[in-house]
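With numbering that gives the first Met the number 0, the residue at position 24 of the sequence shown is 23, and numbering never jumps.
Since the hints were made in silico from the structure, they are not lab data.
This structure is a prediction, so every number in the text was calculated from the model and none was measured.
Mixed in with the good hints, there may be bad ones.
[As the list claims (entries may be wrong)] Each computed SDA-like pair below joins lysine to any residue, with the alpha-carbon atoms no more than 25 Å apart:
1. K195 with N285
2. K52 with D11
3. K195 with G207
4. K260 with E218
5. K195 with A14
6. K217 with P115
7. K213 with K260
8. K195 with G142
9. K206 with G79
10. K266 with G142
11. K266 with F221
12. K266 with K138
13. K213 with A14
14. K260 with E64
15. K260 with G207
16. K266 with E218
17. K180 with K213
18. K180 with E218
19. K213 with K41
20. K260 with P55
21. K52 with K195
22. K195 with K138
23. K195 with K41
24. K260 with L271
25. K138 with G207
26. K217 with K138
27. K213 with G233
28. K260 with S225
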Amino acid sequence: MSSDGGAFPRFDVAADASEHSYLTKHQNKAICSPNISADTHKQIMREWRILEKHLPDSIWVRVYENRIDLLTAAIAGSQGTPYHDGLYFFDIRFPHDYPNSPPWVRYRSFGFRMNPNLYANGRVCLSLINTWVGNRTEKWNPGDSTILQLLISIQGLVLNERPYYNEPTLGVLPRMFSGDKMSNVYSEDTFVLSCKTMLCLLRRPPKGFESLVKSHFKERGFEILSAMMAYRSGECRVGCYGIGDGGGSSVQGRKGQPPRKFRAEIKQLVPLLATAFAGTGASVGNFVEQLAGEKVERDRGCACFCLSFLFSSL
Numbered sequence: 000m001s002s003d004g005g006a007f008p009r010f011d012v013a014a015d016a017s018e019h020s021y022l023t024k025h026q027n028k029a030i031c032s033p034n035i036s037a038d039t040h041k042q043i044m045r046e047w048r049i050l051e052k053h054l055p056d057s058i059w060v061r062v063y064e065n066r067i068d069l070l071t072a073a074i075a076g077s078q079g080t081p082y083h084d085g086l087y088f089f090d091i092r093f094p095h096d097y098p099n100s101p102p103w104v105r106y107r108s109f110g111f112r113m114n115p116n117l118y119a120n121g122r123v124c125l126s127l128i129n130t131w132v133g134n135r136t137e138k139w140n141p142g143d144s145t146i147l148q149l150l151i152s153i154q155g156l157v158l159n160e161r162p163y164y165n166e167p168t169l170g171v172l173p174r175m176f177s178g179d180k181m182s183n184v185y186s187e188d189t190f191v192l193s194c195k196t197m198l199c200l201l202r203r204p205p206k207g208f209e210s211l212v213k214s215h216f217k218e219r220g221f222e223i224l225s226a227m228m229a230y231r232s233g234e235c236r237v238g239c240y241g242i243g244d245g246g247g248s249s250v251q252g253r254k255g256q257p258p259r260k261f262r263a264e265i266k267q268l269v270p271l272l273a274t275a276f277a278g279t280g281a282s283v284g285n286f287v288e289q290l291a292g293e294k295v296e297r298d299r300g301c302a303c304f305c306l307s308f309l310f311s312s313l
């Protein structure tokens, strides 16, 4: 499911690029990179026009009036994937000889590695930007490739349903040997990291995207918590909540009880996210009370067992 981000424009020009990954590295406050030629400037303006006209409703871009060689993109995770309902931020820089060289891309990871192509240090490995293996048709083509194509590729090919298989060294051989089980575990870990990323974004939203973060999680908070509870109980496999008839309560891909570690992590995250979502004005239901009720029932069951054992011993 895409989000319209409330009234947040999908494309806009911003003034403050101070948090941009490449600005902090290069500390260059000129109007643009001093090595940008007139031809590259023209190509960047062309990219702006393409983005302004053709961005899908689940991707938002901010370019910078004083640094035209920089832009920041927010991508919403797609339904049917462990990234669903999350927001993922990427900083992009146009090199001085763009488009002859591909753009530079860094992911704002918060120190989490939730995909074989997205490293904890922010490195993005993708054949389209020549940082990953691929055939000629998959690599950057100065005549045809665009930033829009790059963003859509990240959303569809990187943040996908089965990220475990993005890495050939992880995916090809294990697929023959319980690969699906390993993929499910990877997706569970990915979803946990996605939830932690949500917390980081809510606590310190990227500059210029504050209203997007607030409106997005106000709209999706209840469904995210509902999905967390469904995954924790084993009602459906991670990524499958809400898939089917289009209703938020539908469940698909039943898989039994998930690992104890996953259940414990979700139990810890639910109250934290519920509090953060409530701060946006989202409805958060009674999920925290449900988890507290589980402990009461478990303690009651333990007490009954002990009493039963005691009386049977008399």
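Results of checking the hints against the structure:
Distance hint between K195 and N285 is fulfilled; the C-alpha atoms sit about 20 Å from each other, no more than 25 Å. Restraint check: the Cα-Cα separation between K52 and D11 comes to about 11 Å, which is no more than 25 Å; the hinted pair holds. With a C-alpha separation of about 21 Å, the suggested pair K195 and G207 falls inside the 25 Å cut-off, and the hint holds. For a cut-off of 25 Å, the pair hint linking K260 to E218 is broken: about 29 Å separates their Cα positions.
With a C-alpha separation of about 29 Å, the suggested pair K195 and A14 falls outside the 25 Å cut-off, and the hint is violated. For the suggested pair K217 and P115, the alpha carbons sit about 30 Å apart, so the restraint of at most 25 Å is broken. The hinted pair formed by K213 and K260 fails the criterion: a straight-line CA distance of about 30 Å is larger than 25 Å. A C-alpha spacing of about 39 Å is found between K195 and G142, which places the hinted pair above 25 Å, so the restraint is violated.
For the proposed pair K206 and G79, the alpha carbon gap of about 29 Å is over 25 Å, so the pair is violated. Between K266 and G142 the alpha-carbon distance is near 50 Å, which puts this suggested pair outside the 25 Å criterion. Under the criterion of a C-alpha separation no larger than 25 Å, the hint pairing K266 with F221 is consistent with the structure, at around 16 Å. As the CA atoms of K266 and K138 are separated by approximately 42 Å, the hinted pair breaks the 25 Å bound.
Of the supplied pair hints, the one linking K213 and A14 holds, its CA atoms being roughly 20 Å apart against a limit of 25 Å. Annotation: proposed proximity of K260 to E64 is violated, straight-line Cα distance about 46 Å (limit 25 Å). For the given pair, K260 sits about 36 Å from G207 by alpha-carbon distance, which is inconsistent with the 25 Å threshold. Taken as a hint, the K266 and E218 pair is honoured in the structure, with Cα atoms around 22 Å apart against an allowance of 25 Å.
This hinted pair does not check out: K180 and K213 have alpha carbons roughly 35 Å apart, beyond 25 Å. Distance check on the hinted pair: K180 and E218 sit about 32 Å apart at the alpha-carbon level, beyond 25 Å; violated. Pair hint K213 plus K41 does not hold up; C-alpha atoms about 35 Å apart against a cutoff of 25 Å. For the proposed pair K260 and P55, the alpha carbon gap of about 36 Å is over 25 Å, so the pair is violated.
Distance check on the hinted pair: K52 and K195 sit about 33 Å apart at the alpha-carbon level, beyond 25 Å; violated. With a CA separation close to 32 Å, the supplied pair K195 and K138 exceeds the 25 Å bound. Of the supplied pair hints, the one linking K195 and K41 is violated, its CA atoms being roughly 40 Å apart against a limit of 25 Å. About 17 Å separates the Cα atoms of K260 and L271, which keeps this hinted pair within 25 Å; it holds.
Distance hint between K138 and G207 is unfulfilled; the C-alpha atoms sit about 31 Å from each other, more than 25 Å. Between K217 and K138, the direct Cα distance comes to roughly 38 Å. Violation of the 25 Å bound is thereby established for this hinted pair. A C-alpha spacing of about 29 Å is found between K213 and G233, which places the hinted pair above 25 Å, so the restraint is violated. Note on K260 and S225: the hinted pairing holds, with a Cα-Cα distance of about 19 Å set against a maximum of 25 Å.
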